[in-house]
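*Asks:* Could you put the whole structure together from the sequences, leaning on the hints where they help?
Okay, so the sequence shown: first residue is 13 according to our numbering, each after it adds one.
Take these hints with a grain of salt, some might be off.
Claimed, not checked - Simulated crosslink set (DSS-like; lysine-lysine; CA at most 30 Å straight-line): (1) K198 / K155; (2) K121 / K72; (3) K155 / K76; (4) K121 / K155; (5) K76 / K117; (6) K18 / K97; (7) K245 / K303; (8) K121 / K76; (9) K117 / K18; (10) K72 / K97; (11) K97 / K117; (12) K97 / K121; (13) K155 / K97; (14) K117 / K155.
Calculated from the structure, these hints are not laboratory results.
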Amino acid sequence: MAELYKMFDSTEEDERWYMASDFAEYFGNVLSSGLLHTNNVPALRVSVGDGLTTRLSTGKALIKGFSYQNTTVLTFEHAIPNVSKSRIDRIVLRLDLRSENRYIKAFVKQGEEATNPVAPTLQRDNYIYEISLAQVRVTSGDKAINPLYFVDERFNEDLCGLVSSLISVPTSEFQSQWDYWFSAQKGVYVTQMLNWLAQQQQVFTDWRNNEVQLFTDWRSVQQSEFEAWRNGKQTAFTTWFNEVKDTLSEDAAGNLFLRITSELPLRFTKNGVNYRYGFTVTDDFNGLIFKYEQEV
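*Replies:* Take a look at the structure:
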């Protein structure tokens, strides 16, 4: 097969000749047929004129790589249909590649008269390619075109549309590669995450066990010190009490013993409740404690 390349300048030794079809083929390969636009706002707008007329505004289009431009407002006359019949016409841009024509021009493509008319079919073959800008219904007896029966078809991609790039990004291939990479990496990341969670759980467990052991050791020490302190205080009090008891007279000692072992001698009231309080000896008579209780 031959290698094709275009477009290049000519030189004296090597002349390069190109046909209009070469340029059209180039642009047709990269740009779709339709209306050229600015910020997605196309021109070549068809509007209802006076009487049975329509108007076409200025603008540009591209059909199969061939360029079209309208530089002034064009006016089209629509034929009056027969009595009791209606018709739908289209305003079209027609690319005609036949040697006797070789143009793109705007035309009224007249529809068939009928009780229930339909818009004429666009011609698209090897020589003629049409795009529709609008369709207009013409009713017998009307002196003007009713705007309610006017349809703008410029944005219908099947009928006209806006020029766009035919070079597409292979997103399906990108998605396939992404899915493959993600599937492979997902297993790695999940394994790493599970390992990390297991490590963190072990670190927490070790820390918790260490803290529990430290608290247990501290509590044991504090309990031992408290027991030793309490026993020492109890022994000191018992020793003091026995010494005092031996130095008192029999009457004084007996009186003190009776005061201590008798009912609690003192009273107080709080929130309407009576209480009694005082000192008393322990059950084994070896110690002295302070006690209070609610009075019955």
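*Asks:* Tell me if the straight-line CA distance from K117 to K18 falls inside 30 Å.
*Replies:* Distance of about 28 Å is within 30 Å: holds.
*Asks:* Starting from K155, check that the Cα of K97 is at most 30 Å away, please.
*Replies:* holds, 14 Å
*Asks:* Does K198 pair with K155 here, judged by a C-alpha cut-off of 30 Å?
*Replies:* Answer violated: K198 to K155 is near 72 Å, above 30 Å.
*Asks:* For a C-alpha distance cap of 30 Å, please report whether K117 and K155 respect it.
*Replies:* Roughly 27 Å between the alpha carbons, so the hint for K117 and K155 holds.
*Asks:* Next pair to validate is K155 with K76; report whether the Cα-Cα distance is within 30 Å.
*Replies:* Distance of about 38 Å is beyond 30 Å: violated.
*Asks:* For a C-alpha distance cap of 30 Å, please report whether K245 and K303 respect it.
*Replies:* holds, 18 Å
*Asks:* Taken at face value, is the distance from the CA of K97 to the CA of K18 at most 30 Å?
*Replies:* violated, 54 Å
*Asks:* Hey, K121 versus K72, does the alpha-carbon distance stay inside 30 Å?
*Replies:* holds, 20 Å
*Asks:* Could you grab the alpha-carbon distance between K121 and K76 and see if it respects the 30 Å cut-off?
*Replies:* holds, 20 Å
*Asks:* If you draw a straight line from the CA of K76 to the CA of K117, is it 30 Å or shorter?
*Replies:* Holds, at roughly 14 Å.
*Asks:* With the threshold set at 30 Å, check whether the alpha-carbon distance from K72 to K97 stays at or below it.
*Replies:* With a Cα-Cα distance of about 35 Å, the restraint between K72 and K97 is violated, given a limit of 30 Å.
*Asks:* So if I understand the rule, the pair passes when the alpha-carbon distance is 30 Å or less; does K97 with K117 pass?
*Replies:* Cα-Cα ~29 Å, so holds.
The structure fails to meet hints 1, 3, 6 and 10 from the earlier list, while all remaining hints are met.
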